[in-house]
Each structure stands twice: as structure tokens, then as C-alpha cells.
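K.L.:
Chains as they are written, first to last, in the working numbering: chain A, 96 to 757; chain B, 4 to 181.
Keep in mind that a hint or two might mislead.
[Stated by the list, open to error] Residues on chain B that point at chain A, a partial pick, calculated with CB under 8 Å: (1) ASP39; (2) ILE40; (3) TYR95; (4) ILE98; (5) PRO100; (6) VAL135; (7) VAL176.
[Stated by the list, open to error] Calculated lysine-lysine pairs in the DSBU-like style (CA-CA distance at most 35 Å, straight line): (8) B:LYS88 with B:LYS151; (9) B:LYS48 with B:LYS37; (10) B:LYS48 with A:LYS375; (11) B:LYS37 with A:LYS372; (12) B:LYS88 with A:LYS372; (13) B:LYS108 with B:LYS151; (14) B:LYS88 with B:LYS108; (15) B:LYS37 with A:LYS375.
[Unchecked claim] Ranges of calculated distance between the beta carbons of each label pair, as one might list FRET restraints: (16) B:TYR95 with A:LEU693: 28 to 38 Å; (17) A:GLU150 with B:LEU23: 30 to 40 Å; (18) B:THR85 with A:LEU712: 52 to 62 Å; (19) A:LEU284 with B:VAL20: 33 to 43 Å; (20) A:LEU711 with B:GLY81: 51 to 61 Å; (21) B:GLU177 with A:ASN641: 40 to 50 Å.
Since the hints were made in silico from the structure, they are not lab data.
Cβ atoms here follow ideal geometry from the backbone N, Cα and C, with glycine treated the same way.
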Amino acid sequence: MEAHAASVVHPSGTEILATARVDERRVAWLYVCTGLTVFGAMGLAGIAMRLNQAEVITLSDSWFYRLLTLHGAGMLVAALLVSMGALWFVLRTTVPLHLGRMLFSYAAIVSGAVLVVIATLLGGYASAWTFLWPLPFDSFDAWRPWSTDVFLVGNLLVGAGFFVYCLDLLMQTCATYGGLQRALGISYLRDRDDSPPPPAVLAAMVVAIEGLMAGAAGTTIIVALIGHAIDSGLTMDALWAKNLTYFFGHSAFNLTIYLSAGAVYVLLPGYTGRPWKTTKPIVVAWLFTLVFVATAYSHHLYMDFVQPEWAAGFSSIASFGAALPPAVVTIFTGVVLIWGSRYRWTLASALLYLGFMGWAIGGTGAVIDSLIPINFKFHNTLWVTAHFHTYLLMAVILWAFALFVRMLEESAGRTARDGVSAFSLGALLVGGYGLVGVWFVSGTLGIPRRWAIHPENTAGYSLVASIFAIVFAIGFLVMLLECLRLARIASVQRWDRIPAPSSSLPTRADPEPLLSSGFQFAAVCAATVVFIGAYAPPITDAVESNVRYHHLQHGAMYLVGLLVGVAFASLPSVFARIRSHPNLGITLVIAGPVVMMLGMVPSIYESLESNAGLHLLYHVGMAALGVVTGLAAGTLGLVTGRLVFVLSIGMALMYAAGVTGG
Amino acid sequence: MLEFGQPQVTIAIVFGVLALAIAVLALVIATHAKEDIPYEDVSRKGYRFRRPWLAFLTALLVLTVGTSFLLLPYASGGRPATVVKVSGGQFYWTIDPAVLPAHEKIAFDVTSVDVNHGFGVYDPDGRLIGSVQAMPGYVNDLRLTFDKVGEYRIRCFEYCGLSHHNMIASFRVEEGRE
């Protein structure tokens, strides 16, 4: 059956390419194509693991667990790339996001992924993506020590790429909408603003803030691990390490669904002909999401009984609560927009629609597991694997495909063929839900996750799951082939069938200094004096006997520098000089804390402590690093600069709190 | 041999019903998506459900999370008479003592000598009772009461290296010691 040659969207809908400039189109292709390629490759690794568990093929333990590690880290890269690209694409029509930074993020993430591949496939690295301390360094000689370093640096690069993306999102969005309160919709909520930002902007703001916090936590733990690689005398608290690892990892995976949801706000109206407007419930929903996503990660530590009970309790409320905004607002509004809209069914719009279902079902499985007594029965069983695969596979990836297919359909001027679409969708649905369904059953049976060889008499479940995974892969492949067909049609008809607008980017306000009032300057000066107090002789004597206090004192010197840097950056004459160098600022706010933490590796500072002059120089150097970071934060604008300032303090404190050796 | 645990089956059935309900709802919405109904009518009728829906979900949150706080698996009260020292290492468990009395509360002090492990306890029928993490530098206090006598299997519940899946041990539960 020949496809529709008419408009590929609703009669009242807008084609997304009609508003996308050349840069937006290229970036979307780059990110989504790379992300789906990585997804396909990691999917093959997943099928190989499933077949091994089914006892159909035999992988050595080493190869199984390196594939497991590669699959986890690689799928994070895939999900980040597709969802980051999708949100950037739809947001840039209203927010002047920086092209160079987006390309830097791509280069950093892809380079990081390459290092992960090298570490796992060549170096044998197999700690799982979670790299829980001290496993990366305690492999029982299973992997080469260099592979640990390469894996950690790879993760640091992926984190840096995402961090830069979030920095740019926050900087440009706040500058475009006039500050934090307007960009988050709080002014609108308080009736002080009658033109709220579109919903995609709210999603971007929440992702950016959460992403920066998660990035700071991830940087701290990864740098601490790299510190141990440099100097084995540096050790750390296992509970602290686990908290930071999961705050980073859980948030990064979780944010991919919110990045994707931001894109869906723009994609769906094309098929319903009804605009997705910002309302007060949407603003409230995203504000709750901001709080809940940041605090939910602790459910990964429910079975660490030494974790404070209040943390587990709050996490339980937050994990359940995080389901309310999508259930009551985003998915609910999506249904209202779709119902009776003469929904334009195409392959892309069906993928979009099914993504909502995947989000709802996966979220339900997650909410059930977020209750602590239930988690006691399911923790680290295949139930966990089931629920996160449901929303990643059947929501994030389907939505990425929706954008990919939509762009191809618009470029080709026709939709995918109905029969092929139905077949591939059917295969994706049967294969995807069959695969996760078997995991849910296996979790009910108590089969532990991350086992190369499952308990006796359970290989049959893996066999059934493998068949479903292959069915999903066939659906994926058929869809790709149809996409290639659409791409060929588009290339014959010329890709610029829908001419790219050459309009200039939206305007944004100039950045503001971090401190603007006499009171703020006074507060910073007072804080500087307090931190200098950390060097009073009695305190200095006391800290020598405790590594944590010792590191805290080093951190205090960094903080003194940070405060001085922020104050300097806010002086009108200095601010006028630095404000036009945000790229340098971004580089230094990332490098500053990393160098500060590496500078606290015992073998570096201990060799200096015997010489008074060098010791003094070390502390001055710490302060200088702080000054540089503070000045750099001053280039990022009021909101982003202040958040970076707080996160830099947080990294120094977190590091001092957790690093125990030396 | 593994068996389905009773609480797990109940929870899985609840989840299965909810997942099926979502799928059916998605089908119903899909069949109405093609209709032509003025948006004003849809939004007026649709959004009438939003407040009750929010109230229902909030009540569900308060009820389920609140109830779950009464059933926490965390240790409470004084230390039981029987304390078992459990230590995980790559790739073995030491459990001392390894023969335990039935029908009385037992404290497992679970720790690790190297990396993170997970102490997953299965009853003699192969049903998962629950798990706790074994973490270097910390002791997790797990309290359990066993009503069945027989051999309880331990499986590692936190990835710990290439022989993670071989990290299996057991202890016995016998009738009272008197």
C-alpha cells in the first residue's frame, strides 16, 4: 500500500522542519542517528547476554560481565544522545542554544564512549556501569589496571559532555526568559507574568538543574576514584561512594525521560492540531519533579541498612511522588490533547503515542518497587531490570525513533508504508513487552540481576526472553529499513523540500553579575573571614590528626579563593571584561574543581608538607584555583554562575567528607 | 530450584492488572483519537477528572507509603539472643554459626571484607525472603525469624566480580535447641 503523499502531520499541525534552521536539523540528525546506532550495538550485546543466560551460547564469565558493563554504560550514552538531541532540536526555536557547546558535548560523550569500549573490550574491564568502590580496583586480577583508568576517564568525559549541555541550557534559558523564576514559571504561578515559557522550557530548566547537581556528584566520585588510581593510599567511605554513584547514575538515566518529555511537548501537537500550552498545573508539576527527582535516588540504598532511615523514608515518598506529575499532568494532558483530535496516525505518531504507554507501565513498576518492604523482596532481582527497561526501551527509545521517523517523513513528504509500519510496531510491542514481561516474572521468582549464569532450572525464562528480544530487534531492523527508504525518497526529492528558515536566533538578555548589592558583597566578605578562620593555629593543629578535617581545611582555602573570585567577578570593571568569555568560563568551572580534588591526593600534598615554603605555596595554589573558578562562574550569568558556585562548594565538602585515606 | 514467593506473586498480580489496565486504556484512547470532537468539549470534560485523579493518587501515596513505614525491614528493638556473623568476600560467604534455631528472631550482622556484596536469603523451598547489602567498613543488621526448618540458600545480590554468580552458600535452621 502506497504511503500518503500529503502532509505527514495533522491538517492544523505544523511540520517541525518548517521552523528548524539548518543547524538544528544537523544537530538532531547527528545526535539521534548516533544514539540509535549505539542503541542498536548495545542491544546486540544485550541479546548475547540473554542467550548466554538461556544457555544457547557460551560466553566466558569475563566476556559476559564486560558486555554487561559495556551495555549499561553504552545504553546511558545512547539514551543521553537521543534525548539531548531531541530537546535541543525543539528548544532552539525559542532559546538561542549555543551550537559550539552542543558539538563539544557530542565530541566529549562520543570520546567517552570510545574509551568505555576500549576499557571493556580490550582491557577486560567489568565492574558494571555502577563502578561501586572498591570493585574497580579489586577485580581479583580479572581486568588490566589501565582499563579501570580508561573507563573512569571515559565516564568523566561523558559526564563533562552532559554537564556542558546542562550549563548551556540553564544559561541561555534564564537569559532568554529573564531569570530563574520566569524560566521555571514561578512568576507566572504568582500572577506576575502573563506570558509563561512553553512547557519544553520548563522541562529543560528542570533537567539542567538536576543534571548539574548529578554532574557535580558524579565528578566528585569519579575524581576520587581516579585519585585512588594515582595514589592507592587514598581510600574512601563505601557508603559515601555508593550515595554519590547512584545520585549521579540514577539521575542521569532518569533525566533522559524528562529530556524526551520536553521534546514530546512539541512533537505531539503536530498530530493533534492542538497546541500544548503552559498552564499552572504544568508549572507546579515540573517544580515537584525538580524536588522529587533530586531526592529519589536513595531507593538504590534501601538495603544498605546503615543509610539513615529518614533518607530511605524520604526517598520512598519522593520516588512515589515523582510519578504524580506525569500521571496527573503530562500524560493526562497528552490524553486530553489526543482524544477526539482526528489524530494523524503515522509511524512517527504511533511511536509517540506508544511511548506514553511505556512511561506509564514502567513508572508503575518503579512505584511499586519504591515501597521499602516490597523492595526488600525485589531489590536487585530482575524486577528492577524489568521496570527501567520498560521506560527506557518502550518510552525513551520509541520517542527517539518518533523524532527520527518524523524528520524523515517530513523530508520525504510522505509517511512510512502502513503495512511495514504495522509490522515493525507490532514486533516492537510484542518483542519489547515480552522481553520486559519475562524480567518481571523472573523478578517475582527471585532471580538475581547481573548473573552470567542463572540459578538452576531457570534458563527457560531467558530463552523465552531471548526470542522476544530478537523479535524486538527484527522490528527495529524493519523500521530502520523503512527509514532508509524514506531517506532515499527524501534525497531524490532534495532534503530541503521544506526550506530551512534563515531567521536569526532568538534574542537573549545580557548576563548579570553574581553579586549586585552591598549586602551580598558584605556577606561574601564575612564568609571569607570565617573560612580563613579555618587556619587558626588550634584548628590547624587539630586537623593534622584527622584526614577528613585535613582535607576540609584544604577545601576551606579553595572556598576562600572561590568567594574572592566571585566578589572580583562581580566588580563592574572586572565583569565588563570577563562577561564576553563564557566558553572559557565553562572550561574553568569544570577544570577548577577537578584540579582542586586531584590536588588533595595524599601523595601530592604530603611531599610538600615537609617544606614550609612549598606547603604555603600549596595552600596559596588551592586558593588560586578557587579564585579562577569564582571568576569563571562570573561569566555564566546570575543563575548559572550562582549554581556553579554552590556546586563547587558542594564538591569540596563532599570530597572532604568521603575521602578517608592518606 | 526457585519457587515464586507468596508476597512477590501478590505484588506481581497487582502490577500485572495495573499494566493491563493501562494497555486497555491506551487502546480505548487510541480508538477515540480519530474522532472529531471540539477541543473545548474534550478539555471541559477531561479536566473535570484531574482533581479527583490527583486526590486519588495522593491518597494512594499517603496510604501505601504510610503503611509501608509500618512494615520496614530495618532492625528495631533489642538485640536477639542469636546473632550470626556474616561476612562476604570474593567469592565466598562465612556464616557463623551456620546452624540456627527456628521460631525465634535472629540478628545477622552482615559485612564484607573486600567489595560490596548482597546477602540474598532463600527459604528451603527456594523462595526469596529478602536481602541486605554487605558493605566494606559497615555492618548491616538484618533481623529474620524462620518458621521452616531446612537448608536456606544464600545468593550474592550485588555484582562483585567475575564469579559473582558462584557466590552461593547456605545455613541450616533446626527446631529449638532445648
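K.L.:
Tell me the numbers of any earlier hints that the structure contravenes, in ascending order.
P.N.:
3, 4, 5, 7, 12
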